[in-house]
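Use the sequences and the hints to build the structure in full.
Going line by line, the protein sequences match chains A, F, H and R.
For the first sequence, position 296 matches number 1443 in the working numbering, and the numbering has no gaps at all.
For the second sequence, position 177 matches number 1324 in the working numbering, and the numbering has no gaps at all.
For the third sequence, position 31 matches number 1178 in the working numbering, and the numbering has no gaps at all.
For the fourth sequence, position 236 matches number 1383 in the working numbering, and the numbering has no gaps at all.
Treat the hints with care, as some may be off.
As the list claims (entries may be wrong) - Okay, the calculated bits of chain R under chain A, using three or more residues with CB under 8 Å as the criterion: (1) 1285-1291; (2) 1301-1313; (3) 1319-1328.
If you're looking for bench data, these hints aren't it; they were derived computationally from the structure.
Yeah, the Cβ is synthetic: ideal placement off N, Cα and C, and Gly gets one too.
Residue strings, one per chain:
Protein chains: 4
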Amino acid sequence: MALSPEQQAEIDAARDSAHTTRRATVPALEEILYSAVPVLDHGFVRVIDYMGDDGAVVQAARVSYGRGTRKVREDAGLIAYLMRHRHSTPFEMCEIKYHVKLPIFVARQWIRHRTASVNEYSARYSVLDNEFYLPEPAQLAAQSSDNRQGRGNVLEGEEAAAVLDLLKRDAEQSWRDYAWMMNEPDETGLPPDSSRQGLARELARMNLNLGFYTQWYWKTDLHNLMHFLSLRADTHAQYEIRVYAEAMMDSLKRWVPLTHDAFLEHRLGAVQLSSRGIETVRRLIRGEAVDQAESGMSAREWRELMTLLERDGAA
Amino acid sequence: MALSPEQQAEIDAARDSAHTTRRATVPALEEILYSAVPVLDHGFVRVIDYMGDDGAVVQAARVSYGRGTRKVREDAGLIAYLMRHRHSTPFEMCEIKYHVKLPIFVARQWIRHRTASVNEYSARYSVLDNEFYLPEPAQLAAQSSDNRQGRGNVLEGEEAAAVLDLLKRDAEQSWRDYAWMMNEPDETGLPPDSSRQGLARELARMNLNLGFYTQWYWKTDLHNLMHFLSLRADTHAQYEIRVYAEAMMDSLKRWVPLTHDAFLEHRLGAVQLSSRGIETVRRLIRGEAVDQAESGMSAREWRELMTLLERDGAA
Amino acid sequence: MALSPEQQAEIDAARDSAHTTRRATVPALEEILYSAVPVLDHGFVRVIDYMGDDGAVVQAARVSYGRGTRKVREDAGLIAYLMRHRHSTPFEMCEIKYHVKLPIFVARQWIRHRTASVNEYSARYSVLDNEFYLPEPAQLAAQSSDNRQGRGNVLEGEEAAAVLDLLKRDAEQSWRDYAWMMNEPDETGLPPDSSRQGLARELARMNLNLGFYTQWYWKTDLHNLMHFLSLRADTHAQYEIRVYAEAMMDSLKRWVPLTHDAFLEHRLGAVQLSSRGIETVRRLIRGEAVDQAESGMSAREWRELMTLLERDGAA
Amino acid sequence: MALSPEQQAEIDAARDSAHTTRRATVPALEEILYSAVPVLDHGFVRVIDYMGDDGAVVQAARVSYGRGTRKVREDAGLIAYLMRHRHSTPFEMCEIKYHVKLPIFVARQWIRHRTASVNEYSARYSVLDNEFYLPEPAQLAAQSSDNRQGRGNVLEGEEAAAVLDLLKRDAEQSWRDYAWMMNEPDETGLPPDSSRQGLARELARMNLNLGFYTQWYWKTDLHNLMHFLSLRADTHAQYEIRVYAEAMMDSLKRWVPLTHDAFLEHRLGAVQLSSRGIETVRRLIRGEAVDQAESGMSAREWRELMTLLERDGAA
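Below you can see the structure in the form of structure tokens.
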């Protein structure tokens, strides 16, 4: 993460502010408010505002005049009930806003979540910094041999070195030429050349590759945040977006601890069984032998179920 | 408005709370936070939470690390610019939550705005109070003779009295029979009848008419709030929803005064001219005579334009 | 269902049309296109347009240039895979439009699904017909004693008769006074009274109760249709909306048979197990004894799991 | 545009299909259905499905049982009325689906429109072709000197040549190294190297720059399509997205000619005047002299108004 002294000073100033409010306030989240949590080599996640708390979920479920909360145990029970039965609207009553710095290829996955508000730093309007993502050696993985959408072994030795080298060289050249074409010394630090007009920013940016960092404000409600996390904190998510989701899981825990626990138990750690899957489970519990053929499931679905039940393939 | 002592006590308790926060805080809005502003005969609007302020709009437009605000004049200029050019995403960065009590026929119009989160008091789950809307005499209007969707003269004398009488009588009977069918003395105050099981609430509710009050939590962002207000605070909106929009206009002014002013100037008070409309205006300014036929506009559009320009129909 | 001869003639005319198209076309759905399927005593569901078929889901998942479909078996496998892993975007590529006539209290539940487009018949603009919902005797249920949100036993004998009587009497009076107040003989058939102006429609409508029928055009995509059906065709849904969902299930089957089957198997017939739930299942399959206390689940969750596994409460 | 023979054959096969349907069908749109309209150097836009026509808008506005259409003139009048008064829901009743091939930096602007469904070709799953955007000389523009978000003069001579050269060289190297790192000869045509495992696709893709082409299925309704076009077919839109919007304007005209005309007149060619703007116009028409100071407008807003009225700055 590379915060300039000016940026750090702006953050510090914001953290120094103290106002009195009648609104629901969450000390554990206030603690990290505005702070940049580092992610990847130059990225970060910062919570910059929030609205509501666990109590607001309870309050909305009860459409109450006051706080609507009762004993913590009852509130926890109600929240778990809402989560289990997918009553999502009370969770929409809380809102959170992040400032995120992330590589463009990660931003392209992220933006597919449409139920959020976004303000992105514009490379049409401004000049992007010379910051790009280079994976750590442990993340430099080969294509998975059995999953077209995943990673296999980590690259090693000369191959790893050659790949890192190329990624670095191409990114550096990418930015150097981007800067040269725009010919804007104040923004890029490159020497000016009065014989050239300089290419428009909105065109020059296409010379940057997908590893360069962009940043945005991203705001969503608690329900949609959990939907995002359930997909992106999942082990099938690409590592480079998963680390962002993990940093956000920590803010979820600070913000709404009861909701966080219910989310782990009834969403992230939960599994879905198909109609044939639950029937197979019932038979296995009764001690019957079941195999794939008579289960009616496809070979793939059967394999997934056996893995889930921690059994080997034959029953 | 009919707040029970318990409800008023819950509201007072919420208003008494005082927390310290690092978040942007708006004293003028805090002043009325949680208070119920009366609307119609039994309804109200209460702001129960908010996130962000005028500065958050500026901050998002600049994707800044700190507050991002400069001088008030510059911020006001930027906000007006964003409003004029319909750059809506920075306004999505602020959020507000209301608790509203309103007649069901108003709720049915309101819910058509889909970009909001709603938790409504459930008449499937709970028993509704005996509260229904009766228009004030000044609002008891006849059908408009030239607008199929509007009101004309106010009803007078015997007709007004007869109408009010019917509305009242039918609503009262509606609730009495609703309560009788459910046979739930604790909830309705009606005498119990042990010979009857009582009709399910989810069925009994259909006996209530559209004038009965319901209530909900309604949360939306600043952009969508202004869209709602631009339609519902408009003179063409039905009176019974317009009074809610007007109460909310006051909260908008307290919350984000710069945005509020830009909204009045560039949205609520603004007009749209069609391609032929602006061409007609250009010719009129040059002192040319234009009439409907050569304007290319329909008679109706021409009339609307002349009204807008405060001219009589002939030019 | 009460279609007037004019309405039936309009529907017949639409059904008589035959056009040639290059678009994906589904004969089984064309067969019922425009036809009104009766629901409840006066309601109906009509499919009035659609776009795409099972092939369009496959095509989108493959971003192909042509149809993208292969053998039916491969397509079915891909669709089941997408459904199981909640890859929802390919299902958004198909669209369907219904014309629905339904009681207002059903419409109020239905409209809570925000990801759809709606045009409702306006009682602000037009006069509603004298048609209201009266439950069949078998649906006249008491409040459930163990579920605040459900129905228990069917009412019988005198109580049933008294309830039906009240519902009918209040609805009839509701409409009679509605019509009288508007004083519009052409629309209502009631005798004119030249001594009265007549109340505006937008006000008079509030005298109608929630059992009266409204109608709308409702359009959504296949993904959101299935979300709607998964909630409303569920046994926990109120009977009066479930019958609409069931009529729509038939159109789903005709339209996209492969998706329909995958939906039954992996969504409607599927179950979700919490983290502790799946751990309990694993132990039961291994033949271990587990009881509620050591499972870590709440009593309620435990009960739900045992029901699901078709076991009695003790293990 | 580079369609492979296989792709062209798939398109031709789709165009050869002919089905009979009861659905509203639009011959002028069917004519181009599935055909790829070239945009930029390698991109295209293809309409691949649609639902509804001008009649469906009218039908929805009237919630009718049959076609609901009357004389063309009446329908045109109703459509213009709906457009002028921003009654948007009837336009949501029509749907269209495109297959688009476009540079990634264009895709990043496009995806900001959230009210659409998208399936994008996945570079996590598949290998991207070696196709990138190179501007034509006439589009190689300098940064605008008075608009931070726009283009100025066209670059000329040596500067133009040098810029084109760099763009080409960096893109070519970008892809060559991308291909080399993945080490997948079947997909890239590059020689295999058995000493290397090959980098995972999901990582290798970050070496591609923002000028490379991606493709997606994009589906939206008529209302949201017009919103997209009103922003992207506007003269302030970046040229590289505007040419896509222009190709789509042609499909709009073929599909819904009445809506298209109303869109040009009341949206794309329309202007908005602020409260002070319309007051200034009224005064100018009455022949009064108005200058910026007394108009109450900012210098910038005044300039914009004078340009619109085709006057010079002083009045």
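Right, here's what the structure says about each hint:
no. : hint      : verdict
1   : 1285-1291 : holds (count 6)
2   : 1301-1313 : holds (count 4)
3   : 1319-1328 : holds (count 5)
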